[in-house]
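Chemist: Here's the letter readout for the chains.
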Amino acid sequence: MTDLALDKPVPPNAAEPNRTAPAARRGTVRPSPTALGVGLLLAVAFGLLPLVGSEYLFDAILTPFLALALAGLGLNILTGYAGQVSLGSAAFMAVGAYAAFNLSLRLPGLPFVVDILLAGLVAAAVGLVFGLPSLRLRGFYLAVSTLAAQFFVQWVFNKVGWFSNNSPSGIVTVPPLSVAGLALDGSVGRYLFALSVVSVVTLVVWRLVDSPTGRALAALRDHETAARVIGLPVLRLKLLAFAVSSFIIGVAGVLWAFAYLRTVEPAGFNLDRSFQILFIVIIGGLASLRGAFLGAALIVVFPLALARLGETLLGGLFDSGVLEMSQRIVLGLLIIAFLIAEPAGLSALLDRLWRRVAGRLAALCSALCSRFASNRSA
Amino acid sequence: MDWSFFTEVLVGGLLSGVMYSLVAIGFVLIYKTSGVLNFAQGALLLFAALTFVSLTERGLPFWAGIALTLAAMTAIGALIERTVLRPLVNQPPITLFMATLGVSYVIEGAAQLLWGTQVHGLDLGIDDLPLEIGGVLISTFDLFAAAVAGAMVAGLTLFFRYTRIGLGFRAVADDPLAALAVGLSLDRIWTAVWTASGVVALVAGLLWGARLGVQFSLSLVVLKALPVLVLGGFDSIAGAIVGGLIVGAVEKLAEVYAGPLVGGGIEGWIAYVAALGFLLIRPAGLFGAKPVERV
Amino acid sequence: MSRPLTLALSAKAALVGALLAGASFLPTAAHADEQYFPLQSYRVGPYAAGGTGFFGGFIDYLNLINTRDGGVNGVKLTWDECETQYEVERGVECYKRQKSKTGVAAWNPLSVGIAYAMIDDIARDKVPLITVNHGRTDSTDGRVFKHVFPLLLNPYSESSGIVNYIAAREGGLDKLKGKKIAVLYHGSPYGKETIPIYQLLAEKYGFTAEQIEVPHPGNEQQSQWLSIRRSKPDYVVLRGWGVMNPVALKTAQKVGFPADRIIGNVWSNSEEDVIPAGDAAKGYTAITTQASGADYPVLQEIVKTVYGAGKGNLDDKKRVGSVYHNLGIVNGILNVEAVRIAQEKFGKRTLTGDEVRWGFEHLRLDPKRVEALGAKGLFHSINVTVANHEGEGRVTFQQWDGAKWKVVSDWIAPDWALLRPIIEKSSLAYAAQHGITVRDSAAEDATN
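Those sequence lines, one after another, are chains A, B and C.
Following my numbering, the numbering of the first sequence begins with 1 at its first residue and continues without gaps.
Following my numbering, the numbering of the second sequence begins with 1001 at its first residue and continues without gaps.
Following my numbering, the numbering of the third sequence begins with 2001 at its first residue and continues without gaps.
Don't take each hint at face value.
To be verified - SDA-like cross-link-like pairs, simulated, lysine to any residue; straight-line CA separation at most 20 Å: (1) Lys-2318/C to Val-1262/B; (2) Lys-159/A to Glu-1057/B; (3) Lys-2126/C to Glu-55/A; (4) Lys-2096/C to Trp-162/A; (5) Lys-2425/C to Glu-55/A; (6) Lys-159/A to Val-1273/B.
Said to hold, decoys possible - Pair by pair, the computed Cβ-Cβ distance ranges are: (7) Arg-2420/C to Thr-312/A: 45 to 51 Å; (8) Gly-2435/C to Arg-356/A: 53 to 59 Å; (9) Ala-2413/C to Ala-305/A: 48 to 54 Å.
Calculated directly from the structure, the hints in this document are not laboratory data.
Cβ coordinates follow ideal geometry from the N, Cα and C atoms, glycine included.
Generate coordinates for the entire structure from the input sequences, incorporating the hints supplied.
Modeler: Given below as structure tokens:
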């Protein structure tokens, strides 16, 4: 109980003032191990998995993981890097998904890659509009205000039949995915497509957070007044953060609709989805690119693993309702436990583990080396 | 314009607004002292209503049911405070918010595991027959609910004005550092506040449960309380009440008069947009003595 | 944990143990044929009440067939559950996981969203997808949606059935002229789906349709009902879902609108929809494809054979014969009979999904056959063809008397001919968009 200023809650991240600016990350300063790791990961993801993976792996785990990770990445720009909280992420996913659907339906001549870019831009435009309150509001006031986006967007897609091509039930089936004449409607094809999009966007974001703009966003997050004092265009930066973040979340929405579910309905982008994305960012680690991926992996895989485990161990004893309720409890407890144990997220946890392992290795090595050396001298 | 209809809608809206305030007050109590937006308030409400209904359905008399549920709610409130929020002190608000989301999973799961997923009716013995006063229709149940809400607010006010704990609460809300400096125990006050919010959840849970039936969707009423909080301020009980009245009235009037122009069903978001519009003009909110930049 | 729960759990555990012990002593019937039903059930979340009832009824019936008849012509029925919480992604995950088991007969997700997400896959995997009483309306056209079966009722025929019932109460279709009907619908794709149909019916029969949206989840309806009170319609059709239904009934009472002039649709017709409304629900009437109650022979057998042996799926035995439980049982009958019909053509063995699909396409149960199945009065009949995957289900209406539902009408036939052109327009558009060849139904019906 050291900080008593609880009445005036600290802005997100201010509690971790010594967080290194993204640019100062070890990864970018010493690129070789990170680059090696990422390269290896990509090689496995692009080269190995499509050969050995099952339909279940792609359609139930990897593709939703990629879409959610991308959404987490988008929200992380807003929340992690620029310090603005949003509870309306699912709305921007919906905008992206519906925009892509209508573009591919109404302008069939357009290549799908262009559709995605345009859908992202539409989401960015909507994000700009709903980002306007951020110019005057902060913290929870802003967070609750973004719920306006959440509910309004859902209402519009529900209300205006044009968006769903006047489908009687309001749920639309998206056209099969194909890029440059190449049909990607199988599980592997859709997975590879999602993987490519996510890789490209992540690369761009990585460059962005490392740029002067990225550093300006971090300054805005860490101390808005200071940022203003040193002459940063605070208002423009905030809107930029909303636009970029919404763009990426919109693209994630396209993946969700076209690569994963292949249907679009407003209910799929409800408040629960927004919370899910926020969970990904918080649990993964704010202001960390890896965080979004780690968080998404946890959110996608963990409930499935828990369900399987519960079923295998206790399936005979309890009906599925009891099991499912217990899982909800366990999931909630784990989230709490995790937030208490590692508030900085999985990304920080991984760092710590890595440091420990690296330290051990170094110690071991030096011990061996010195013994070797002493042996030699003997 | 049909004025008696207008009055009817307005009064109906104001009375619904009281119901929103009831939920919002639970948020305010917690936020004021610990700066947490307690999303689990909805789950607490569900738990309270479900526990009460299940107990009375098993043959417990009304007041015994209330007493037992009350005991359970205080225990849960204190437990959350001890096990979840205390270890998370000093974390950014968003982390605390996420933690309360985790809490709401646990409570929802536990409530349904204990009492089942069945849908229950909850009869508080108030016949909800239409009552016409001067040609304007008023719901008896809503009047009753408003009276209960009024009594509860009065009770809370007395509590905060005249009890030691209550005074401590106000001191902490005003200036935590000064409060600590004069030797107030924060722990005790936090526990008291969480207990109080458990009581509020019980009252709100019973009234909302009687309106909706006791079921999972009960926890969704928090969504009605959030725009109230934005409008009235997260830290003002008076704001929660006035905000609730405004939200209720705006929502109903907008649905009835503006809804048909755009196809209806705008109640879900109009309150948020209205609150937002209001804040853009007056960022300090309704009762904003606080600095302009709300954090 | 509460005492009753602990007791129930330990009883269940003991039972499972006993079953396992019993099973190990059974002579191993050398690789008996099995037909597998993957159940994407939902027993938690906002729609748990419907899910437990429906899947409980379905499982109870499959259990009855296994225990009483030793399966369908000796082919044992198996199933397992995968919880979806009514969420599309979970449903998809379940599909991908459960489909790997052998002998999948049919999918029954009881969720429009999940059904939509499966449509591509089931066409490729060639397994039937059953959406009893719901689903996409245009999938009634089996020429386009070869593997999708919105059995008994689709949203369009439901609307027509409701209007026909109101007409019957008023004394004939011509009496609808000049009447005013308000449709209170849930603010979701599901709720909106019938807007054009009520418009069409209103034009045809000369009544005014006032369609009012209730935003999700529907826990506040003051303004909608005040509008209704002002416009004074003759009937209100309730097209609700979940919590919206009891709140509608309570708010109706609040504004003084009589409950017996409120007609509920097929997702507003269960005990869970009326019980929370208490007395406000007395007199409320709702459409159904299957009557409620446990007096039908098939239910009696389930009570005796399945629940008697402690194998019943519902925790609360009072729910036997409730609306969702009976819907599950009727769904069980339809699935099992489709398998039986397909077995007559393909042999009494484990069938492929496509063979079961053939069975569904020839699922013809006339009232006599329904009676033989012990379901006379439970549901009327079904007549599925290649072109019509709905099967001309009849509907009836039940009134809530404060404690239970009572049937208050005959079996009413919706106006299928009126709706068919709209359905075909939509399904043909889908076929064009997705490059599906429309099947020649006459030829297929003739050859089989």
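Chemist: If a hint holds in the structure, say so; if it doesn't, say that too.
Modeler: Checked hints:
1. Between Lys-2318/C and Val-1262/B the CA atoms are separated by roughly 45 Å; this puts the pair beyond 20 Å, and the hint is violated.
2. A threshold of 20 Å between alpha carbons decides the hint, and for Lys-159/A with Glu-1057/B the separation of about 41 Å lies outside it, so the pair is violated.
3. Straight-line distance between C-alpha atoms of Lys-2126/C and Glu-55/A comes to about 16 Å, which keeps the hinted pair within the 20 Å bound.
4. Proximity of Lys-2096/C to Trp-162/A is assessed by CA-CA distance (about 32 Å); at most 20 Å being required, the pair is judged violated.
5. This hinted pair does not check out: Lys-2425/C and Glu-55/A have alpha carbons roughly 34 Å apart, beyond 20 Å.
6. The straight-line distance between the Cα atoms of Lys-159/A and Val-1273/B is roughly 17 Å, inside the 20 Å bound, and the hint therefore holds.
7. The hint said 45 to 51 Å for the Cβ distance between Arg-2420/C and Thr-312/A, and at roughly 49 Å that hint holds.
8. Checked against the hint of 53 to 59 Å, the C-beta distance between Gly-2435/C and Arg-356/A comes to roughly 56 Å, which is consistent with it.
9. Checked against the hint of 48 to 54 Å, the pair Ala-2413/C and Ala-305/A passes, with Cβ atoms roughly 50 Å apart.
In this structure, the earlier hints numbered 1, 2, 4, 5 are contradicted, and the remaining ones agree with it.
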